[in-house]
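Start from the sequences, fold in the hints, and give me the full structure.
Chains as they are written, first to last, in the working numbering: chain A, 1 to 322; chain B, 1 to 322.
Calculated directly from the structure, the hints in this document are not laboratory data.
It is possible that part of the hints are untrue.
To be verified - Cβ-Cβ distance ranges computed for the label pairs, FRET-style: (1) 154(A) with 131(B): 41 to 49 Å; (2) 10(A) with 42(B): 49 to 57 Å; (3) 188(A) with 131(B): 21 to 29 Å; (4) 2(A) with 263(B): 50 to 58 Å; (5) 259(A) with 252(B): 49 to 57 Å.
Please read all numbers here as calculations on a predicted model, not as lab measurements.
Every residue, glycine too, gets a C-beta built ideally from N, C-alpha and C.
The primary structure of each chain is shown beneath.
There are 2 protein chains.
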Amino acid sequence: MDKFWNDNLEVKEELVEVVKIMKKRVKSSNKLISDILLDMVNNSGKMLRPAFVIISAKFGNYDRKKILPLAAAIEMLHMATLVHDDIIDNALIRRSKPTIQAEYGKDYAVFIGDFLFSQSFLLLSDNINVANLKKVSKVVSRICKGEIDQFESRYDINITINDYLKRIAAKTAALFALSFYVGAYESNCGEELAKILGSIGYNIGIAFQIIDDILDYTGEESVVGKPLCNDIRQGVFTLPLIYSLERNRDEKIISLIKKRNYCEDDIKRIVAFVQQNGGITQSKMLAEKYTKKAFDKIAMLKDSPPKQILIDVTTKLLYRNY
Amino acid sequence: MDKFWNDNLEVKEELVEVVKIMKKRVKSSNKLISDILLDMVNNSGKMLRPAFVIISAKFGNYDRKKILPLAAAIEMLHMATLVHDDIIDNALIRRSKPTIQAEYGKDYAVFIGDFLFSQSFLLLSDNINVANLKKVSKVVSRICKGEIDQFESRYDINITINDYLKRIAAKTAALFALSFYVGAYESNCGEELAKILGSIGYNIGIAFQIIDDILDYTGEESVVGKPLCNDIRQGVFTLPLIYSLERNRDEKIISLIKKRNYCEDDIKRIVAFVQQNGGITQSKMLAEKYTKKAFDKIAMLKDSPPKQILIDVTTKLLYRNY
Chain A
1 MDKFWNDNLE
11 VKEELVEVVK
21 IMKKRVKSSN
31 KLISDILLDM
41 VNNSGKMLRP
51 AFVIISAKFG
61 NYDRKKILPL
71 AAAIEMLHMA
81 TLVHDDIIDN
91 ALIRRSKPTI
101 QAEYGKDYAV
111 FIGDFLFSQS
121 FLLLSDNINV
131 ANLKKVSKVV
141 SRICKGEIDQ
151 FESRYDINIT
161 INDYLKRIAA
171 KTAALFALSF
181 YVGAYESNCG
191 EELAKILGSI
201 GYNIGIAFQI
211 IDDILDYTGE
221 ESVVGKPLCN
231 DIRQGVFTLP
241 LIYSLERNRD
251 EKIISLIKKR
261 NYCEDDIKRI
271 VAFVQQNGGI
281 TQSKMLAEKY
291 TKKAFDKIAM
301 LKDSPPKQIL
311 IDVTTKLLYR
321 NY
Chain B
1 MDKFWNDNLE
11 VKEELVEVVK
21 IMKKRVKSSN
31 KLISDILLDM
41 VNNSGKMLRP
51 AFVIISAKFG
61 NYDRKKILPL
71 AAAIEMLHMA
81 TLVHDDIIDN
91 ALIRRSKPTI
101 QAEYGKDYAV
111 FIGDFLFSQS
121 FLLLSDNINV
131 ANLKKVSKVV
141 SRICKGEIDQ
151 FESRYDINIT
161 INDYLKRIAA
171 KTAALFALSF
181 YVGAYESNCG
191 EELAKILGSI
201 GYNIGIAFQI
211 IDDILDYTGE
221 ESVVGKPLCN
231 DIRQGVFTLP
241 LIYSLERNRD
251 EKIISLIKKR
261 NYCEDDIKRI
271 VAFVQQNGGI
281 TQSKMLAEKY
291 TKKAFDKIAM
301 LKDSPPKQIL
311 IDVTTKLLYR
321 NY
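Now the structure itself:
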């Protein structure tokens, strides 16, 4: 289990169980499918989404037998989108290991992702009510649309902060929000509390993705676990660059950006441009704004043990370097 | 609507409604997604699976409001697998038009397929009970596994008839069976009749896929709507070749087959080998065996208008040239 959870043994123990459930669910009579997916489950990162399902469920009548499979299903859905994302991004490395598309080819990656989707829906069908299953399907549609929007707007120097926020809402915050919402709802927290928790998840998700995008500029490769400046290389312009271009329509940089297929020196020039024009600082301020929104909503919740866990996790998550 | 249904106006009219439902469901605020999918829906082939849902449902208390969306969802699921199949197969043409992966690239095709999956599950959630939703998820897993099995066994000259039958059961017959089963079940036919209809669907599916694989050798390109001998080119060995290799381990042919990357002349030699060794005739006999199994089971059903439709459709389908 990722060291992120070392300070939070209550959540960590539950996530260990979630991993066990996932291991059962990715087994197939095709040995290669099993091997690839067991590898992926064994290297499953922070497992934020299942953790959110669990933490949120603890605000209600926590029933492990129901909540842990639900958490596993949500993580498998996320894994499916990662496998397919890596095809689009031509990503070679994720979580410090070769991606499925890099190691086995795009062909396998397509159906490995589909297999995960279907196994996730199979597990969901048993552990969620129909209205929530529909919400999950809608979020998956939204993620797909977000990915296609992002793909279409590559190399677009006119992308706005609003476009960016819409895109990360779809590709990240929607599933964060859903994880909180279904955890609470399926623990009988009631619609009102489930919605508040969902909205906390949404704000955490936006802040988290902005920080992730900042780390693509400022992080250390060995700590982040994937190559830096990957977004720029793919023509995906994120908040730091969008802010900088908004402040300074430097002609040289714009013609460099329009050129595409950047060499290492181009990347360095773009990063320098972003740093000189306050793109990182401005992005951090926006991340803090969403972090504050999340904490303001958390503050509205009644004091309770899960509230304290939520405060701890959110604090750690949004002040991270990996 | 495909001319296949011109003799069967009752089914045709329902399928026209199914197309309308699909058109609503593939709309997205991303114009490209909508355009691509509307094109695909407008060129939707024979729509066998939704037709099976409808015909099977007519054996029970037929409720259009429930059955037509269900039929649309099953077809969208099938469309999703086609979009992803074409990525694996590098297919350029399907239904006489460029495939999504050929026209827009593999990147788009991945998420367009995922979008269809999620929209299908969204529609299913409203029109099916949980037990059947699980069955659908299982069939999708099975299709994925079948595709991966097929991909792994490319260029394998030792593939057996049993391997082949398992593969086509997963990739084709399972969804045929499910279409019949859920149509009947959701029309309150009762478990027993639903299972008989499901098993009719299974046998039709096996026969259908064998015929499809024969047509890849013997059809006319303009009639079939996709390039011929596509399976061999991809290293996918189907029943005609498997039978022929079982009968004659011709060393020259085996070394030719092992060479991979066949030129047109190689393809002609393999096709000639298959014809000379009775691969087509033997395959036709096996298709007829499954066709007979399907008709034997249909004969067990009480005489009724949907039984007559089923006989007509099965007869036409299994004696087709496109």
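Range first: 49 to 57 Å. Now tell me if the beta carbons of residue 10(A) and residue 42(B) are that far apart. The hinted range 49 to 57 Å holds for residue 10(A) and residue 42(B), with Cβ atoms some 54 Å apart.
Between residue 154(A) and residue 131(B), does the beta-carbon spacing fit 41 to 49 Å? At 43 Å between Cβs, range holds.
Hint check for residue 263(B) and residue 2(A) - Cβ pair distance inside 50 to 58 Å: For residue 263(B) against residue 2(A), whose Cβ atoms are near 52 Å apart, the range 50 to 58 Å holds.
Is the hinted range of 49 to 57 Å satisfied by the C-beta distance from residue 259(A) to residue 252(B)? Once the Cβ atoms are compared, 53 Å apart, the range 49 to 57 Å for residue 252(B) and residue 259(A) holds.
Can you tell me whether the CB distance of residue 188(A) to residue 131(B) sits inside 21 to 29 Å? 24 Å, holds
In the structure shown, no violation is registered for any of the earlier numbered hints.
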